[in-house]
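K.L.:
The residues making up each chain are set out below.
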Amino acid sequence: MGETLKLFGWKVSPYSHRAEVALRLKGVKYEFIHEDLANKSDMLIRYNPILKKIPVLLHGDTPIVESQVIVEYIDEVFDGHPILPKDPYKRAEARFWARFIDEKVRPQVWMSCWTDGETQKSFIAQVKESLAILQGRLEGKKFFGGDSIGLIDIMACSLALWFGVMQEVVGLNLLNEDDYPELCQWGEEYRNAEAVKECLPERELIVGFFAPRKDRIFAKKAPVYD
Amino acid sequence: MAETVKLLGTKGSPYSHRAEVALRLKEVNFEFLHEDLAHKSDMLLRYNPIHKKIPVLVHEEKSIVESLIVVEYVHEAFNGYAILPSDPYERAMARFWARYIDEKVIPAFWMSCWTDGEMQKGFIGQAKEALTILESQLKGKKFFGGDSIGFVDLAAGMVAFWFGILQEVAGISLLNEEDYPVLCRWADDYCSVEAVKESLLDRKLLVAHFASKKEKIFATKAPVYD
Numbered sequence: 001m002g003e004t005l006k007l008f009g010w011k012v013s014p015y016s017h018r019a020e021v022a023l024r025l026k027g028v029k030y031e032f033i034h035e036d037l038a039n040k041s042d043m044l045i046r047y048n049p050i051l052k053k054i055p056v057l058l059h060g061d062t063p064i065v066e067s068q069v070i071v072e073y074i075d076e077v078f079d080g081h082p083i084l085p086k087d088p089y090k091r092a093e094a095r096f097w098a099r100f101i102d103e104k105v106r107p108q109v110w111m112s113c114w115t116d117g118e119t120q121k122s123f124i125a126q127v128k129e130s131l132a133i134l135q136g137r138l139e140g141k142k143f144f145g146g147d148s149i150g151l152i153d154i155m156a157c158s159l160a161l162w163f164g165v166m167q168e169v170v171g172l173n174l175l176n177e178d179d180y181p182e183l184c185q186w187g188e189e190y191r192n193a194e195a196v197k198e199c200l201p202e203r204e205l206i207v208g209f210f211a212p213r214k215d216r217i218f219a220k221k222a223p224v225y226d
Numbered sequence: 001m002a003e004t005v006k007l008l009g010t011k012g013s014p015y016s017h018r019a020e021v022a023l024r025l026k027e028v029n030f031e032f033l034h035e036d037l038a039h040k041s042d043m044l045l046r047y048n049p050i051h052k053k054i055p056v057l058v059h060e061e062k063s064i065v066e067s068l069i070v071v072e073y074v075h076e077a078f079n080g081y082a083i084l085p086s087d088p089y090e091r092a093m094a095r096f097w098a099r100y101i102d103e104k105v106i107p108a109f110w111m112s113c114w115t116d117g118e119m120q121k122g123f124i125g126q127a128k129e130a131l132t133i134l135e136s137q138l139k140g141k142k143f144f145g146g147d148s149i150g151f152v153d154l155a156a157g158m159v160a161f162w163f164g165i166l167q168e169v170a171g172i173s174l175l176n177e178e179d180y181p182v183l184c185r186w187a188d189d190y191c192s193v194e195a196v197k198e199s200l201l202d203r204k205l206l207v208a209h210f211a212s213k214k215e216k217i218f219a220t221k222a223p224v225y226d
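If you read the sequences in order, they're chains A and B. Note that the UniProt record's numbering has the first sequence beginning at 1, numbered continuously upward. Note that the UniProt record's numbering has the second sequence beginning at 1, numbered continuously upward.
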């Protein structure tokens, strides 16, 4: 199959990173097309008309959207590094943790950064509980996937870099080595993995996005792109 | 011989329904264990300690949770009926639309039922847009899965059966034949499928259940079990 691969993405986005790291783990060639989320391209809107979001993977002429859907597609279409396990029960288990990350951890982490007062305290308590649960899943292994990166590691990527940057910008210190030694160790292993290193954004790029927009993001509780 | 497959669920839950229909499509022998969600069983808490929710599939003493994850597991672990398509792109599309139903269609419809004033108008607008987009995916097919029901049809089970009940109790008419003729026709066809019929509760019972809890649900915007 010689169809071209294009990935519409944005380096600051962990969702975009998920798709990119999956492609790099499989060793497939692709073209990265940078999207300016303040001025979305006609191509992005054509290929993701319903949600108008990145990442979008274009395989030949066929668009696939939503980061986890893209990662599972890449795993199923390309040989090489297995991202999901083969066993149905282990696959279900990986998908469970992926959902836990996207439905509990990520929203709680986000809101703990962009709220204050009692609301923030409540989100911080939720984050602490969720991080402890997630850390427990590591069970002393190098990665959630075992010896090598798997679906859960990819879905948890924001804990390896983005959360650290965001909490620094807002003045929190939730995810730290004292409280979450195994999770922080995992973060370092993840950042240093070959396929990840090649597509991880510089810390400064993420700081450069959040710092100048701090007040507006705080007001909206959502990313602001312009 | 004790059944090796157990499903912890409730007949009133559209999420439990997804898991049950999947098992019936695969003709798996299973034991349905009714949960009283106001008094969760020790078994439920043991098999789903993190979320404490139904459905829970127990297969050879291992538990699988989260309705769509259960459906994918049933598709992969048991032979027979193909719930997901065999083509990776079609599978990615099925996963996308199931996600769209869970993240856009259901929340907007639910909140349309249980809010009022300007807030309700806002949710109704979102629900109408989401239903229009969903309906367009039927594109002349009998089911989202084609000639027979598949992953997206199961994900949309709530639309087919529960939406009519909820809107009747709430006193609104969102999903109606005039505005959504194709979706309403699909709903009738879906509810007529043998595996679906076997898992649905009597409509009158469900209407009575929601009607009796109407004020409490309106106050909390969440399902009420006691």
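By construction, these hints were calculated from the structure, which means they are not laboratory data. Backbone N, C-alpha and C define an ideal beta-carbon position, used for all residues, glycine too. Just so you know, not all the hints are guaranteed correct.
[Claimed, not checked] Residues on chain B that point at chain A, a partial pick, calculated with CB under 8 Å:
1. Val28
2. Phe30
3. Leu33
4. Asp36
5. Leu37
6. Ala38
7. Val65
8. Glu72
9. Arg95
10. Phe96
K.L.:
Against each hint, give a clear statement of whether it holds in the structure.
P.N.:
To see whether the hints hold, each was checked on the structure:
With a cut of 8 Å, the hint placing Val28(B) at the interface with chain A is violated, because the nearest CB-to-CB distance is about 13 Å. The criterion of a C-beta within 8 Å of any C-beta in chain A is not met by Phe30(B), whose closest approach is roughly 16 Å, and the hint is violated. For Leu33(B), the suggested interface contact is broken, since its CB lies about 19 Å from the closest CB of chain A, more than 8 Å. Using the Cβ-Cβ criterion of 8 Å, the hint placing Asp36(B) at the interface with chain A is not satisfied: the shortest such distance is roughly 24 Å.
Restraint check, Leu37(B) versus chain A: the minimum CB separation of about 19 Å is more than 8 Å; hint violated. Annotation: interface hint on Ala38(B) violated; nearest CB of chain A at approximately 24 Å, more than 8 Å. Hint status for Val65(B) relative to chain A: holds, with the closest Cβ pair at about 6 Å, below 8 Å. With a least beta-carbon distance of about 7 Å to chain A, the hint placing Glu72(B) at the interface is held under the 8 Å criterion.
The criterion of a C-beta within 8 Å of any C-beta in chain A is met by Arg95(B), whose closest approach is roughly 5 Å, and the hint holds. A least Cβ separation of about 5 Å between Phe96(B) and chain A falls short of the 8 Å threshold, and the interface hint therefore holds.
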